[in-house]
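Participant: Please construct the entire structure, taking both the sequences and the accompanying hints into account.
Heads up: the sequence shown is residues 1 to 222, going by this note's numbering.
Keep in mind the hints are simulated off the structure, nothing from the lab.
No residue lacks a Cβ here, since even glycine has one placed at the ideal position from N, Cα and C.
Keep in mind that the hints are not guaranteed to be accurate.
Here are the simulated lysine to any residue pairs, SDA-like style, with alpha carbons at most 20 Å apart [claimed, not checked]: (1) K85 to L164; (2) K85 to P209; (3) K85 to R14; (4) K85 to Q146.
Label-pair ranges, simulated between beta-carbon atoms [as the list claims (entries may be wrong)]: (5) G90 to S19: 13 to 23 Å; (6) R177 to G62: 40 to 50 Å; (7) P60 to V118: 13 to 23 Å; (8) A199 to T15: 30 to 40 Å; (9) M48 to P145: 39 to 49 Å; (10) T34 to G149: 26 to 36 Å; (11) N45 to Q146: 15 to 25 Å; (12) Y170 to V118: 13 to 23 Å; (13) R148 to P44: 27 to 37 Å; (14) R148 to L58: 39 to 49 Å; (15) L112 to L156: 25 to 35 Å.
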Amino acid sequence: MSETDLSSNSLMPRTNWHSALLCSGVIGAVLFTTVYFCFSVISPNYFMMHESISRLQLQPYGWIQSLNYIVAGVLICTFAAGLRKEMVSGFGITLIPLFHAITGLGSILLGLITSQQVQTYIGGVTFISLVTSFFLMARRFASDPQWRGWVTYTLLTAVLMIVLCVFFDYSLMHTGRFSGVFERLIVITRLMWLFFFTARLLGGRSLAPVVDKELSSVVTEV
Numbered sequence: 001m002s003e004t005d006l007s008s009n010s011l012m013p014r015t016n017w018h019s020a021l022l023c024s025g026v027i028g029a030v031l032f033t034t035v036y037f038c039f040s041v042i043s044p045n046y047f048m049m050h051e052s053i054s055r056l057q058l059q060p061y062g063w064i065q066s067l068n069y070i071v072a073g074v075l076i077c078t079f080a081a082g083l084r085k086e087m088v089s090g091f092g093i094t095l096i097p098l099f100h101a102i103t104g105l106g107s108i109l110l111g112l113i114t115s116q117q118v119q120t121y122i123g124g125v126t127f128i129s130l131v132t133s134f135f136l137m138a139r140r141f142a143s144d145p146q147w148r149g150w151v152t153y154t155l156l157t158a159v160l161m162i163v164l165c166v167f168f169d170y171s172l173m174h175t176g177r178f179s180g181v182f183e184r185l186i187v188i189t190r191l192m193w194l195f196f197f198t199a200r201l202l203g204g205r206s207l208a209p210v211v212d213k214e215l216s217s218v219v220t221e222v
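Facilitator: Printed below as a string of structure tokens:
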């Protein structure tokens, strides 16, 4: 058996169900963005640029945004399950899916609870878990040659989201102007990362550890 054959056959191919789990993250993000944007446009007395997404729940038919949070949260949790299955072993095999699951549960709670004060705390925990998952993913990428360049991209994404969150919080506590813009930029920044990440996975990359070259050469000699 050659080294190439060993590398290609060392992992079982993904099932359609596994691929669907991995796609659920970007599907959820696209669906969430589409629903809140369309609902923002048609909601009376709602100013998209200056109001947070959660305030859509206070509009007529606000249950639409509540349901949007819940569906997005469920899809994030299924994405976490797909990541856990994908990783097989190595750094972050438990923590990375766990923090994604916390993010998903936070989104579900945002849909179930409409109190703005309570949502502030839930949103804070959810954002921290989301950013933490990015830093953990960057650490995972650092030890995997299949993901060369993704350490920098992932860290820049996390930092950009933090900066946007600071602007969002500052805007809410002071003038309130453009707070909606900053929050939506956070959502879009995450969506873009998820899109490219999922495309790379479906394009043939894997999060499973690479077969050790020395082990491959030994097997080849045998």
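Participant: The structure should be examined with respect to each hint, and the outcome stated for every one.
Facilitator: Going down the list of hints, with the structure as the test:
1. K85 to L164: violated (32 Å)
2. K85 to P209: holds (13 Å)
3. K85 to R14: Judged against 20 Å, a Cα distance of about 10 Å means the pair holds.
4. K85 to Q146: Distance ~18 Å between K85 and Q146 Cα, so the pair holds.
5. G90 to S19: 13 to 23 Å: holds (21 Å)
6. R177 to G62: 40 to 50 Å: violated (23 Å)
7. P60 to V118: 13 to 23 Å: Given range 13 to 23 Å: holds, Cβ gap about 22 Å.
8. A199 to T15: 30 to 40 Å: Check failed, 19 Å falls outside 30 to 40 Å.
9. M48 to P145: 39 to 49 Å: Taking Cβ atoms as reference, M48 and P145 lie about 43 Å apart, which means the hint holds.
10. T34 to G149: 26 to 36 Å: holds (29 Å)
11. N45 to Q146: 15 to 25 Å: violated (50 Å)
12. Y170 to V118: 13 to 23 Å: The hinted range 13 to 23 Å holds for Y170 and V118, with Cβ atoms some 21 Å apart.
13. R148 to P44: 27 to 37 Å: Cβ of R148 to Cβ of P44: about 50 Å, so the range 27 to 37 Å is violated.
14. R148 to L58: 39 to 49 Å: holds (46 Å)
15. L112 to L156: 25 to 35 Å: holds (33 Å)
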